[in-house]
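*Asks:* Chain residues, written in single-letter form:
Protein chains: 2
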Amino acid sequence: MAGRALAAVVSAGLSRFGKLDGFYAREIFAQAAKEAFDRCPNLNPKRDIKSLFIGHMMESTEHQGHTGPLIADWLGLNPLPAVRLESACASSGLALRCGLQAIMSGLADVVLVGGVEKQTHLATADATEYLALSADNFFEQWHGFTFPALFALMARAHMHKYKTKEEHLAMVAVKNHRNGAKNPKAHIQKEITLEQAMASRVVASPLKLCDCSLISDGASCLILAKPELAKRYTDDPVYVFGTGQASDTIGLYARDDLTSLRTTVLAAREAYKMAGVDAKDIDVAEVHDCFTIAEILHYEDLGFCRKGEGGRFVESGATEIGGTIPVNASGGLKSKGHPVGATGVAQAYEIYLQLTGQAERRQVQCAEVGLTHNLGGHGSTAVVHVYKNTE
Amino acid sequence: MAGRALAAVVSAGLSRFGKLDGFYAREIFAQAAKEAFDRCPNLNPKRDIKSLFIGHMMESTEHQGHTGPLIADWLGLNPLPAVRLESACASSGLALRCGLQAIMSGLADVVLVGGVEKQTHLATADATEYLALSADNFFEQWHGFTFPALFALMARAHMHKYKTKEEHLAMVAVKNHRNGAKNPKAHIQKEITLEQAMASRVVASPLKLCDCSLISDGASCLILAKPELAKRYTDDPVYVFGTGQASDTIGLYARDDLTSLRTTVLAAREAYKMAGVDAKDIDVAEVHDCFTIAEILHYEDLGFCRKGEGGRFVESGATEIGGTIPVNASGGLKSKGHPVGATGVAQAYEIYLQLTGQAERRQVQCAEVGLTHNLGGHGSTAVVHVYKNTE
Numbered sequence: 000m001a002g003r004a005l006a007a008v009v010s011a012g013l014s015r016f017g018k019l020d021g022f023y024a025r026e027i028f029a030q031a032a033k034e035a036f037d038r039c040p041n042l043n044p045k046r047d048i049k050s051l052f053i054g055h056m057m058e059s060t061e062h063q064g065h066t067g068p069l070i071a072d073w074l075g076l077n078p079l080p081a082v083r084l085e086s087a088c089a090s091s092g093l094a095l096r097c098g099l100q101a102i103m104s105g106l107a108d109v110v111l112v113g114g115v116e117k118q119t120h121l122a123t124a125d126a127t128e129y130l131a132l133s134a135d136n137f138f139e140q141w142h143g144f145t146f147p148a149l150f151a152l153m154a155r156a157h158m159h160k161y162k163t164k165e166e167h168l169a170m171v172a173v174k175n176h177r178n179g180a181k182n183p184k185a186h187i188q189k190e191i192t193l194e195q196a197m198a199s200r201v202v203a204s205p206l207k208l209c210d211c212s213l214i215s216d217g218a219s220c221l222i223l224a225k226p227e228l229a230k231r232y233t234d235d236p237v238y239v240f241g242t243g244q245a246s247d248t249i250g251l252y253a254r255d256d257l258t259s260l261r262t263t264v265l266a267a268r269e270a271y272k273m274a275g276v277d278a279k280d281i282d283v284a285e286v287h288d289c290f291t292i293a294e295i296l297h298y299e300d301l302g303f304c305r306k307g308e309g310g311r312f313v314e315s316g317a318t319e320i321g322g323t324i325p326v327n328a329s330g331g332l333k334s335k336g337h338p339v340g341a342t343g344v345a346q347a348y349e350i351y352l353q354l355t356g357q358a359e360r361r362q363v364q365c366a367e368v369g370l371t372h373n374l375g376g377h378g379s380t381a382v383v384h385v386y387k388n389t390e
Numbered sequence: 000m001a002g003r004a005l006a007a008v009v010s011a012g013l014s015r016f017g018k019l020d021g022f023y024a025r026e027i028f029a030q031a032a033k034e035a036f037d038r039c040p041n042l043n044p045k046r047d048i049k050s051l052f053i054g055h056m057m058e059s060t061e062h063q064g065h066t067g068p069l070i071a072d073w074l075g076l077n078p079l080p081a082v083r084l085e086s087a088c089a090s091s092g093l094a095l096r097c098g099l100q101a102i103m104s105g106l107a108d109v110v111l112v113g114g115v116e117k118q119t120h121l122a123t124a125d126a127t128e129y130l131a132l133s134a135d136n137f138f139e140q141w142h143g144f145t146f147p148a149l150f151a152l153m154a155r156a157h158m159h160k161y162k163t164k165e166e167h168l169a170m171v172a173v174k175n176h177r178n179g180a181k182n183p184k185a186h187i188q189k190e191i192t193l194e195q196a197m198a199s200r201v202v203a204s205p206l207k208l209c210d211c212s213l214i215s216d217g218a219s220c221l222i223l224a225k226p227e228l229a230k231r232y233t234d235d236p237v238y239v240f241g242t243g244q245a246s247d248t249i250g251l252y253a254r255d256d257l258t259s260l261r262t263t264v265l266a267a268r269e270a271y272k273m274a275g276v277d278a279k280d281i282d283v284a285e286v287h288d289c290f291t292i293a294e295i296l297h298y299e300d301l302g303f304c305r306k307g308e309g310g311r312f313v314e315s316g317a318t319e320i321g322g323t324i325p326v327n328a329s330g331g332l333k334s335k336g337h338p339v340g341a342t343g344v345a346q347a348y349e350i351y352l353q354l355t356g357q358a359e360r361r362q363v364q365c366a367e368v369g370l371t372h373n374l375g376g377h378g379s380t381a382v383v384h385v386y387k388n389t390e
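Protein chains in written order, with numbering that gives the first Met the number 0: chain W, 0 to 390; chain Y, 0 to 390.
Isolated chain W, as found in the complex (with noise of 0.2 Å):
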C-alpha cells in the first residue's frame, strides 16, 4: 500500500501546556477538544465522529481509570464508543495507530484519537515512582532504576563508543528551548544557554536537570477522516501516509546494544516503506527528546545522519529551523513539555499546524512531509507515523 493515504488529518486541539493548577484531565482533555471542534466548523461531533480512542498512561495520579466514558461524557458525546490506550510515554501515539484502524477497518469514518495527562499535582518523587511503571517492576524499579537513570546508561555507552559530549546533550536542550520559546502552549517558553545547560545539577550523571523534559499537565487531539471525506470538513487536510510500531524487552538490561534502539529502527522503517518515503524526504519531524540523549538516538535510527553522528549533527545545526531537516519545532518535550499520555498526538498536532502553515513563529518553510515519533518507556515502544499535505 506504499503511497496511499491511510487518512487523514481534518483539525486538531492542543492545550497549553504547563503546571495547569485547578482543571482535572477531563477538563484539560475538554481545552483540546474545543480547539479541535473550533477549527472545524463543518463538523458535527455528536453526528459524526464514531470512535474515540485516548492515550493516559497513569490512572493513579487522580485515582481514575475508564479514561475512555469518562472523557466521552465530559464533551457530551455519549454513547460515543472510547476506549483508553496506554503504552507509557507512547500511549497517544498509539491511540493514533488504533484510530488509523478503525478508519481503514471501514467501521468508522471520522474518529476523535488523543492524549491527557495530569500530573503536576504530585510530588516529584511520587511522579518519578508512577512513570517508572513502564520500566520492568522486577528487575529495574526495585533497584532504583527510574527513567533518568535508565537513560543515563544509554547516554554513557554513546559517549564511550561514539566520542559523543556532555555538550552536545546541552545544545540539544539549547536549540528545543529556543524554539519552545516561540511556542505560545510550551510549557516553559524561556531560551536557554549553553553555559545554563552545562551548569544545572546532576540528575543522573552524565544527564542534568537540562537534559531531562519537563512533568506537565496537557491534552491533544486529532479529528482524522476517511481521506475521500476530508474536504468536507476543511480545505487543507493533512494525510497521514505511514504508520510503524515495534516493541522490545521491557527491561533495558536485555539489549545487545545501549547505543541504538531498536524499536525505532523497525517501526521507522514500517513507516517509511508504507508511505513510499525515505528519511531524506522528512521536511520537519517531531521527536520522542524525553531526555536530550534520546533526542540525538533518534536522529542516528531515524536515519537522519549516521551511526555515532548525533552529536556532531546537533552541533552542525541542521536540525535548528531553517537547518536541513528541523527537529522539534515545538520545542519537543524539552521545552514544549511531557504530560506523557498527550505526547504521541501533541506531536501530530505541530506536523499538522506545519504542513499547514500555521506554525507562525517557529513555522518550518517549504515542509510538505512530517514525521512523528513517540517512544513508550526506554524505547520498549516506539511508534512512527509520516504525514503529507497532499493526497
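Because the hints were derived from the structure by calculation, they are not lab data.
Owing to the predicted nature of the structure, the values given are computational and were not obtained by experimental measurement.
Hints should not be assumed to be uniformly reliable.
Identical copies go unnamed one by one, so any copy, or any two together, can satisfy a pair.
Subject to a maximum C-alpha distance of 30 Å in a straight line, what follows is the list of computed DSS-like cross-link-like pairs (lysine-lysine) [said to hold, decoys possible]:
1) K306 - K184
2) K160 - K230
3) K306 - K49
4) K49 - K279
5) K272 - K189
6) K272 - K225
7) K45 - K272
8) K184 - K45
9) K306 - K45
10) K225 - K49
11) K225 - K162
Following the hints, position chain Y against chain W.
*Replies:* Just chain Y now, with coordinates in the frame of chain W:
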C-alpha cells in the same frame, strides 16, 4: 456489511482462573498463550502474528504498566507491536474489538488479542478500591460507592419497579455455580443451593456475598485471522460477524433509568445489525454477571426477554444449559471467576469452545450462533460480539 465475517477466531487459550499464587501476570498470560499456540500447530507465532492487543485494568496491582511490550517480551515475540487497552472490566472485550479493526484495516493478517489480571494477592479492601477506579472519582469513589453499592442501587430499583425478588438474584448464582462446577478452569467449581445463596451475608443490601462475582487471577487470549486465511490455521474456525460498543455517563447518578443499561442496548443493536441476526437467533451467550442483578438486566437489554421479566426468565429455566438460550455455560464471572482484564476475551474463549463442540460436560447442543457481552464499570462501557461457526 450485514452478514459478512469480520475476522476468524482460529485458536484460543485460557489459564486456570483462581488464586494463582506464585505467578506474575506476565506468566499467567503465557499460560493462556501456550494453550492457544498448542491448539494451532500450523501457526508460527513469531512469524505470523502481526499485532498484540491486551486488556489489563489495573497497573497498580503489580506496580507494572506498559503491559503490551511486557507480554510481547515474555512470549518471546519481540518486536511484535503491542498495546494495552483499558476500559475497566471491558478491557479485553475492547482488545478484541481493536484486534478486529486491525485485521479489517488490512494492516495485519493475524493478531493476538487477550487480557490478564492478577489481584488475589491484594487485601480485599485494596482490590475493592482499585476496582472502583472505573467509577467516577469525585462523585462516587470518595463517597464510598464501591461496585457492590452501585449495583445494589440497580437491584433495588429493579425490585421496586418490576417486583423482582431476592430469590431471582440468587437463582442466577445457583445456575452459574451449577455450570461452573463443570468447568475445570473455573475459580469455584462447586454447586450451591438457593438456600445457601439466600443465607450468605449481606455485602450491600440487597446484594449478598453470593450475588457478587469473584476476585480472581487469570488470563485469556484468541488468535484472530483474516477470514480467507482461517483454514490455513484450523479446520474449525469460528467467525466474528458483529461488533458493537457504546459509552454512558461515568457516574451512575447522571442516568435517567437504573433498571436498564443503555450501553448494552446500543452495543447489542449495533452487533446484531452487523451480523444480520436478532436476539432470538442466539444459541449460547456469555454475559457480564459481575453481580447477579447485572445478568438479569442483560437478559432484558440484550432482548432475550422483555423489560422487567428478567427475574422470571431465570426462574423459568430458559437460561440453563438445555434451556432456550443458555447463558454463562462457563460459570460466568460468578463461578468461573473475574480476573477483570481477562474477562472479555475469556467469554469469547467459551463461545469458541461452544461453537466448535469442545465444551465437554457443559456443551450446549446444536450451538451455531454465539454472543459475548462485556461491561466496563457500572455500564459506562459495553461491548457486544456475535459469532457463528460457519462463514
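*Asks:* Cα distance capped at 30 Å. Does K272 pair with K189 within a copy, between copies, both, or neither?
*Replies:* Result: close neither inside a copy nor across copies, 38 Å intra and 56 Å inter.
*Asks:* For K272 vs K225, is the C-alpha pair at or below 30 Å within one copy, between two copies, both, or neither?
*Replies:* Classified as both: same-chain Cα gap 21 Å, cross-chain 22 Å, threshold 30 Å.
*Asks:* Within, between, both or neither: how does the pair K49, K279 come out at a Cα-Cα threshold of 30 Å?
*Replies:* between (36 Å within a copy, 28 Å between copies)
*Asks:* Between K306 and K184, at a C-alpha cutoff of 30 Å, which is it: within one copy, between copies, both, or neither?
*Replies:* neither (33 Å within a copy, 51 Å between copies)
*Asks:* How would you label the pair K306, K49 (within, between, both, or neither) given a Cα cut-off of 30 Å?
*Replies:* For K306 and K49, the Cα distance is within 30 Å only across copies (28 Å; inside one copy 43 Å).
*Asks:* Please work out whether the CA atoms of K45 and K272 approach to 30 Å or closer within one copy, between two copies, in both situations, or in neither?
*Replies:* between (36 Å within a copy, 21 Å between copies)
*Asks:* Tell me, please, which holds for K306 and K45 at an alpha-carbon limit of 30 Å: within, between, both or neither?
*Replies:* Between copies only: 28 Å across, 48 Å inside.
*Asks:* With identical chains treated as interchangeable, where does the CA-CA distance between K225 and K162 reach 30 Å or less: within a copy, between copies, both, or neither?
*Replies:* Answer is neither: 47 Å inside a copy and 49 Å across each miss the 30 Å cutoff.
*Asks:* Could you figure out if K184 and K45 sit no more than 30 Å apart (CA to CA) within one copy, between two copies, both or neither?
*Replies:* Result: close within a single copy only, 27 Å intra versus 43 Å inter.
*Asks:* Can you give me the call for K225 and K49, within, between, both or neither, at a CA distance of at most 30 Å?
*Replies:* both (12 Å within a copy, 23 Å between copies)
*Asks:* Is it within, between, both, or neither for K160 and K230, if the alpha carbons may be no more than 30 Å apart?
*Replies:* neither (50 Å within a copy, 50 Å between copies)
Of the numbered hints stated above, those contradicted by the structure are hints 1, 2, 5, 11, listed in ascending order.
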